[in-house]
Amino acid sequence: MEMTQASVLVVGAGIGGIRSALDLGELGHRVCLIDSSPAIGGILAQLDYQFPNNHCGMCKMLPLVGRERASEFCMRKALFHDNIEIMPFTEVKEVSGEPGAFQVTLLQKARQVDVDRCMGCGKCVEVCPVVVPDEFNQGLSQRKAVYRPVPQNLPNTYIIDREHCTKCGKCMIHCPTQAIDLFLIDTQKLIQVGAMVLAGGTGFFDPAPLRDLYGCGAHPNVMTSLQFERIVSGVGPTQGRLLRPSDGRPIRSIAWIQCVGSRNLHLQRDYCSSICCMFALKEAVLAKESSAGEVDTAVFYMDMRTYGKDFYRYQRWAQEEQGVRLIRSRVHTAVPLEDGTLSIRYVDEEGSIQEEAFDLVVLSTGQVPQPNLRGLMEKLGVSLNTAGFAAPQGFSQVRTDNPGVFVCGSVTGLKDISETLIQAGAAAAETATFLASKGVVGSTEAIPEEKKDVARAAPRVGIVLCKCMGSTEQSLDWAYLKGRLQGDRSVETVLDVDQLCSEEVLDEVLRRLEATQTNRLLMGACLPYVYKRKLRGLGVRLGLNPVLVDVVDLRSLGFSGNGSEGQATKEAEVLLGTALEALKRRDPLSVVSVPVTQRALVVGGGIAGMTAALTISQTGFPVTLVEKDQGLGGRLRHIYHTLDGPDPHRLLADVVKQVEDTPGIQILTETEVVESKGSVGAFRTVLRDKDGKERILEHGVAILATGAAAARPAQYCYGQSDRVFTQEEFEELLAHFKLPKDRLKTVVMIQCVGSRDEQRPYCSRVCCSAALKNAFKVLEWNKEARIYVLYRDLMTYGFLEEHYTRARAEGIRFIPYKPERKPEVSLEQGLPLVRFQDPILQREVQIKAEALVLSTGMVPPEDTERLAAALGLERNQDGFLLEADAKWRPVDFLKEGVFLCGTAHSPRSIAESMAQAKSAAQRALAILRRQEIFSARMVADVKRSICTLCETCVAVCPYEARRVDMEEGMIVVDMAACQGCGACAVACPSGAAFVRGLEDKATMAVIEAALGDAFAHI
Amino acid sequence: MLEYARIEKKDGVDVLEGLRAFLASLMENQVVEAVMVPTRLPYKKVIMQTLIRDPAKLNGVDPLAPVVPTNSARFAAQLTHDETGRSLALVMRPCEIRPFVELVKLKQGRLDNVLMIGMDCLGRYENDDFLSLDKGETSFTMDFYRSMRDGKAAARNNADLAEACKACEHPVAEGVDIRVCIFGEDLDKGLTLEGVTQKGKQALSKAGMAEGQRPGGREQAIQTLLRERTSFRDAWLKEMRERTRDLEGLMDVLGNCINCYNCRVACPVCYCRECVFVTDTFQHDSEQFFRWAEKRGMLKLPTDTIFYHLTRMQHMSTLCVGCGQCTSVCPSDIPVSQLFRSVAEGTQRLFNYEPGRDVKEPIPLGVFYEKEFEEVAAGK
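Just so you know, the protein sequences line up as chains E and Y, in that order.
Quick note: the first sequence, position 467, residue 466 per numbering that gives the first Met the number 0, numbers continuous.
Quick note: the second sequence, position 102, residue 101 per numbering that gives the first Met the number 0, numbers continuous.
Just chain Y, same shape as in the assembly (with noise of 0.2 Å):
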């Protein structure tokens, strides 16, 4: 049972190896059959989520990499949807873990045989900008750390950190078994891991890990970050909240929408088999795009985007984590993040709220409560 465990920089070993050698000792000694982590992959030099059985190809696992190339919380689900047995570490970003939470609610996966290993996080860069930024080198992890450690400005040649990542108040994964401290470490010395859980606590010492203790200077570093970013998320959200006062705005925001779909399929939290947009609900006669223009004198194509973006806003409000792969990937360069935040902070706020904070805690729209509302209830 190891509360708190030490990987340190000795040898030449940096924490990166420490870490491969951390997850290759879990599956070595049957603590799980494998690991899902980020890895940067072989034959192209990104980094992609994947599924680890073998701890022999461990060599190109890099979690510290300042990307997500895609929410990962999906993919949890698909690994854990089904009663397989198989005993799996998740090792993955707040952003990521929060959603499958969610998921985990709507019994689209479980947390059963799950060591849930959480990443403290800086924030990452959009997927272009990493790549050009780190040019399938490894070498820009630990100077993007560096720099972070020395107070620096993430942005660098026209690059910045995602736009999602500077609004959000959850850089430390919460509900996790063992977490991954980097706030108040110097990665260049080496990095703490915290067992969380009890199930976490005997992980690490199964592992054989060295013991280590709370790393100083983590909660101040980690006020520091929350103050500049819940800063940034106020201003963030009233600016979209001025832009979108009435149906104009809104309008204005999503005029451009090109109907692709990218955001849901990017939604960690979209978990329909088949979007209502896709089925044949939305399947217009020809003659009925006709009728619409008659009716309007004009008829902008495609039809359905503001309805498309507010039927899911009406479904994931309370849900959206604000990982921003929705604005990441949207190729008409819509704020859909910025503007799903703005409104699920408000949905979140009256319900009280927080998707990801427990799995315990039931979906608003899944319980009545008899006083709930009673301003909008018949009689008041």
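Bound conformation, chain E alone (with noise of 0.2 Å):
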């Protein structure tokens, strides 16, 4: 067997898998990115929306520095990437070797249906006999056994469902390409690799065991979230409208049952989905807007888990403006009743039993391990948690007790999208940093050579037109074709061959191509998303600069199958004529060489800005590390225990004596940043010191992490008895036995303490954890300790859920109150008195304890502000650092070359904020390493000359890569961050911005050659 080299293997490529393909492959490594499912995406490609404004924005992945590495166009339809190697429909068979020179062997499962030769006519579907479930749209229609697995893929080849296929051989008789075999089998494939990174995701709850409860799988219209989710979109079986399954009546009104086959003992789920309490209002809104307001919405929950950032606001929004309800209830059954409504029996917060009538049930079902996820462990060595999920190390997210193996995403257990690429980011950096200790390193790419000097030359199109084994021979009409062609007087020549993506006809080409004056290259094949890195070789070999070669899809016209006689011939005229137009006129383009100082500065010198700096140093670069206070550690050093067991103050030590012993690292202690210049690649920052001392430093990329700051109460008598404490404070005092046991007999703790209220509209996270912590120290240290948790939602996500369900076993009470009715605390006799209206007895409950602690939160450092001003970032409206996207980029500003992590971005724990911080650490070395970044070549520029300096171009650049000089009087465009999008050409009236190769007369002729008229000339 053929042995295949790669760095690393990742395993799963839904979105956690390909964010940490697409980082090491940024990084220069090799990745071989696999997944056991024919298409890429994971469960993402059946999720049209996402939070917060239910857009996709998977694309925003993509690399943006040297951005034509990758594909550029819709990640739902495909991914390219040049150090990456996409293996879909395969897994991993056997792994054998050491950490550092894995042998894995893949198992490529055969589709049946050869990809090459597929044209998608769907000609095999239309005399398949066998119809099945379709599991894109989760059962809710029907596919044969010869399908599309998802739709909107490119290629969209089909492919053969083996369990349901007879084998009744009737679509290999029917295709017209030959592309079926149904006899074909699995293959095979050695590959060795350093690393690995294991991103399989994790499988959904099935509700079937609760069928006597909900009604799952007996009433058409019960059904999961998943399922909901395919009936709100356009592409879904009811094309988005909201339609009940049983009688295709419109809905008017939609329950979601929260915690279905999660938090529940009797079914050995005690954990929680994390996600659930966040999809399920999107749902809901979802549900609104597609109705104009119309459909009724409730949630049935236990607690509203909605901890990450900007998510209560958007609760509360859900609520407020589009009216979602949200019922905090124990929901017993959902019984069917006649009219073909479902009656949900629950209990609500009093304890009493309420009926109310929905058209749809929406069971949230969390999460559960893959099937297969154990079998695949025990092969690598990798232990699994109790619950049957990959369990990381200590206070990493990303390691596995295999050094060469690291996890992200939900195979730890179910993430939203941010966490998983938080993760993900953070096992490229994991596994780059491993690789190096292994002496791999990434390689460098090159710019190809051109050649030809074509600049002043006339141009000389070659066109080569392939008629893709005969598919396209008789739909288009090629005589007429040629001769349109080679009418134009800038044609060289028109070559027609069959199978031009074959490495004999290239060759052929190639060498015909060459005996001509040639200087420009257009060809006519087929799907150019997925041929024209390979096409485009055929430009390389002929020494052409890339902007003067282009693809254009001719094998799709053939069967659009809608449009008479003549339809597709007229169609390739237009597509071939327009990108001969833009060919013709286009001028080569070079990249842009931006150098790159090789530092890192980082901003915080807590547990995130020094795991970023370990990161960055580790690979090899240099850091600074500024912080503003006298020693490293921030709030580290006021955290002495942690729910779930390792030790935070060894993990400060070590961390402070590595980052101390590290030489690459420069610490500048009791020093702030001042204000900061330049771009990606090229900073300069002023620093000033205690002394007021400045310096300038000049970096490539920066991080900050600044951390946050303890929220002060100023309620609940904080500061007038010796027996109010915030939790951190509590936490101190446990920690140094400062506590006798008779103050710790009764013991109020209240969450939320100043959060989620009008004045900070948002959930700090790791207040309840520090709550139960502190409450368990309690116990450790009085067994006999009275605690009571006064609470809105406990928000214990994931599996910090079983802490929960440890405290309540353990007798601590836990009471909720609602905001319009929080607790009140006098002082009697130097003891705080606690009275709280209790929801069960419904009446008002007092009680005198020896500490009070108050769950205070977190808000941003009061120096943000300045900050952010000072290096050109903005803020969230609670004053946080705003990344770019919410969920795609969770690191990244919109400046490039500046990142965040921990605290700074939002309130979240020490593991979290080392997983950011790696991440961070991860995207700033994909510049680092880099001794100078290219632009790519379609990017921005002015003509200065005609320029009036308005600045609606620096206004509208979404990226950021506008500015003006004002010592020059002109606009700057920052190559290596302009993505090109053109945003600044519309705005500009007079042209003076403008994008390379996209100049306003090249595109005035396309605009014409696809109208066929000089219309737009009138």
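Accuracy of the hints is not assured; some may be wrong.
Claimed, not checked - In silico contact screen, one side only, chain Y against chain E (beta carbon under 10 Å); selected entries: (1) M47; (2) L105; (3) Q107; (4) W235; (5) L246; (6) Y270; (7) V275; (8) T278; (9) Q282; (10) H283; (11) E286; (12) Q287; (13) K299; (14) H314.
In case anyone wonders, no lab produced these hints; they're calculated from the structure.
Where is the CB? At the ideal position from N, CA and C, for every residue including glycine.
Dock chain one against chain two, each of which comes alone in its own frame, and use the hints as you go.
The structure is reproduced here in structure tokens:
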């Protein structure tokens, strides 16, 4: 068996795997990305709308610096990257070797349909006699045994479902291109890799065992949240219309039942699935939006776990603006009624039983481990947690007990998009560090040399038309097309060939073109998305500048099927004509090189900043770590224990020592950032020390890890008694044994003090865990202690849930309160007297406590506003630093080359901060590792002579790649950050702002060719 | 600090001379270094904008003459574009101030050292009409106001106010430091200067003006005028919309355009240094014309006329203040202003944007709101 080499094998091509692969690819590593399913995208392929704006945004994962190395189009369709080999429908069969040198046997399952031959005509589907439920639509529609697994993929080749195929052979007979072979067998491939990233995702709970309770599987109007996602999809079974599956009548009301298969001890599922609350809120908002607010939506929940950045704000918006009803309850059953509705019986907060009927019931089903996870993990020697998910080690969210194997995303328990991507970046960073320790470093890409300088030569376009194995022979009028093209005086030659994608034909075409004076190349072939790279290779071999080569898709025209005779030829004429007009007017474009100052600036010496600095320096690049305080450690210095075990003070000591012992890290304490200028690769930042002395630091990238501050409460008698503490103060006293037993007989904790209210409408995420850990600490100290936790929603997401369960088992009392009726505190003989409404007793209860502990949450440090202004960054409504995209770019700023991590982003735990720090370091390294970064070729530029400096283009640039240089009196484009989107060119009335290669004159010629008329020039 | 100052006609000194004296006093008291103001030129008795540094040269000043030879917003931008540190009083009409505010937003001018003096505006005649009526004599200015005061029509001797003025709903200058109040005043008796901003009030007192009071009857006069103008405007815009309902209609309106580009030269908010239509983007090869002619059988020359107007409309329609200068300068009698306003009214309403309203209000193209135009955004 042939052995392939790669640096890393990434298992699972959902968004986590893709992110890790892209990150490693950007570090110059060769990556093999496999997925057991025939398509990439994982669960996200089925989710059309994402919080918070109901857009997709997956493409925001694509690299911005050096974007031409990867695909630059919709990632829901496909992905290409120079350093990534994608192998769908492939699984890990065997693993041998050791970390640093794994030999992995991959099983490539046979699609039975030849991707290169299938032209997607669909004749096979027409004749296939087998009908089965379509898993893409979650079983809400049907498909044949030959089918397209993901409707939006490119190439959208069919595949045979071997489980259901009867091998009748009709499809083989009817396939016009002989693409189907039902007798193909799976193949094996051996690959040697240094490390592996496991990103296999999660399974979803099958609610069938709850059939008697909720009618799932028995009643058509009961479905899972993933099924509902397909209902609201425009390409789903109802094209996005909200219709009752039972009778097709419009849906008037929908109920979501939360925690189905999660937080359920009877089902041995003592965990929270983390994302379902936001998922249900989003779906309820979608239902509202698609019905213009008509549909009644109600979410039945236990705790509304909206703990992420801006989640609580979204919850309130959904509730208050969109009218989504949130009902705190325990659902008993959903009973079908005669009119097709389902009656939900539930126990409300007061303990009384209520009933309400809904047209549709959506079950928020949570995570279960992937069925084949255990086997794979055993092969790799990676341990699983009690719930059967991969168990990362200590404070690392991505390390496993195999030093060459890393995990990320939902394989360790369900995650939302941003958490998954943060972990994926962290896994990539850890992988790169591990590979570096084995002497494996990424390669640097070279810019191909152009042999021909054609800038001053008249355009001579060589055109190659491929007949795609005869598939376009009949549908297109070849003689006519060739005649038309040859009639253009800038056309040098027109060649028609068959199978241009084969090496022999390419060689032959190259020989024939070399005999001509061709200086621009146009190819008409099949799916340019897929084959562009291969066909563009012909241009490289001809020595042509890449922008002088284009490929258009003739093949899809042949089987579009609808349209009159000659329609396909007409469309081909337009496609070729427009490409020709653009090509013959285009000048060769070169990349712009921006030298990189290979040093990182990390602002903030807490655990996030130190982790980022270490990650960067471990890969060999110098770091300047700036801390405004006297010493390193940040808030970690005040954290003495954790809920799930690992020792934070040991972590602090270890990391501080490591940082101090690393010669590549320059530590500047009592220093702050004054201002920063420059752009990606070349920043100049002014730093000021405690004596007011300023110095200028030159650096290529910056990471902001400026942390958060503890909020100080102004209520509940805080500051008036030595018996009222913040959670942080309480932890400190407990850790130093400063609280005698008799002061811990009755302890009351109040959650959400100053959080999740009008003033600070966000959740600080860690306070519930902090309350639990301190409550346990009290019990360790005094077994007899009575502990009351007054809370609103207990945020023990993920596997933190088991600690909540344990707390209740140990007798800690949890009493919910409502924001409109907060607890009240007074001092009685120096002791806090807490009064609150008991929801079950429905009367006020008083407790005299020896200790009152207030969970006050985090606030952005005071300095954030000034710092953001100094660096040209933005903040969110709550004052935390604002990332480029809440979901898809959680560690980037819009300003390229600057990244963020830790609690500067939003409140988060130690482990979460460290993962984010590694992720940010990884993004920084992708730039830092290059001595120079190259812009793309098609980037914006400015015609200085006609620019009026109105700065409209600066305002509209979504990448902050333009600025006005006051001294020079000109608009300057940061070529490395420019994505060539053209917003500036649109906004500029005079044409002073333009995109190279897309000048007005050529664009107008293209439009004219497309219209086939001089219409534009009237 | 004066909120209202009075220029009284007495001892044979009329309001025009009173205004000249006020401007002279502004310069003499170092409130401003120079004044930009319409003046009857000494060597040709026409009214033009002038930049005056010497108070002695103020004797021809006539900002009341019912003519705007060309929109002065661009001059204001030219005078304030660079940081000269020089203080300047600008005497302008609302249809000149509003585009100047837009030019300031577009970084083409500054308000830092400007004392903005805005004239109440009863409208203007087209330039050649004014010349035929005025004959170089100052008496026409006062005759005009008298007849307007007496409720007589502006039309006389086949001349009338510009259509743009008849459709203008901005007769009162906003965003100014000092307002020259004409509405509700009898210019044979005097007029009132209103100090609108702190700066304006200070300037009035520094210039040693006599205290006045809010002119009575002003509001009523303005309301009456606005009613007339909006009803004219609505009918005027409706007529154009009906005429240009389809492309044929548009071609009918613009068909005789000769590509002289006068309209963009006259347009106060067309601020490009070089219009894209005179760049090589529109320098077509000879061969090209034949190909176009071949496709349609016939090619109108010049080409790119409707393209030009549509492009300018796309660039300018949110900024168009409806000053009417484009129509005034068109040699082919194309109602450019009527056409542009019929579109601008819609685009400005869509963005809730009124050019010239507030210098702090960002130009619609430069700002992005996530929840904007959801009906046209993807997925809706």
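Now for the hints, and whether the structure bears them out:
For the restraint placing M47(Y) at the interface with chain E, the shortest Cβ-Cβ distance is roughly 25 Å, beyond the 10 Å limit, so the hint is violated. For L105(Y), the interface hint holds, the least distance from its beta-carbon to any beta-carbon of chain E being 4 Å, beneath 10 Å. With its C-beta approaching chain E no nearer than about 7 Å, Q107(Y) sits inside the 10 Å limit, and its interface hint holds. The closest approach between the C-beta of W235(Y) and any C-beta of chain E is roughly 26 Å, which is over the 10 Å cut-off, so the hint fails.
Interface hint status for L246(Y): upheld, as the beta-carbon distance to the closest one in chain E is roughly 9 Å, under 10 Å. Annotation: Y270(Y) was flagged as interfacial toward chain E, and the flag holds, the nearest CB pair being 6 Å apart, inside 10 Å. Below 10 Å, beta-carbon pairs count as interface contacts, and V275(Y) has one with chain E at about 4 Å; its hint therefore holds. Because the closest C-beta pair between T278(Y) and chain E is about 6 Å apart, less than 10 Å, the hint holds.
For Q282(Y), the interface hint holds, since its Cβ comes within 10 Å of a Cβ in chain E; the closest pair sits about 9 Å apart. Hint status for H283(Y): holds, given a least beta-carbon distance of 8 Å to chain E, under 10 Å. Nearest Cβ of chain E to the Cβ of E286(Y): about 9 Å, under the 10 Å cut. The hint holds. With a cut of 10 Å, the hint placing Q287(Y) at the interface with chain E holds, because the nearest CB-to-CB distance is about 9 Å.
Hint on K299(Y) holds. Least Cβ distance to chain E is approximately 7 Å, under the 10 Å limit. For H314(Y), the interface hint holds, since its Cβ comes within 10 Å of a Cβ in chain E; the closest pair sits about 4 Å apart.
This entry does not satisfy hints 1, 4, going by the numbered hints stated previously.
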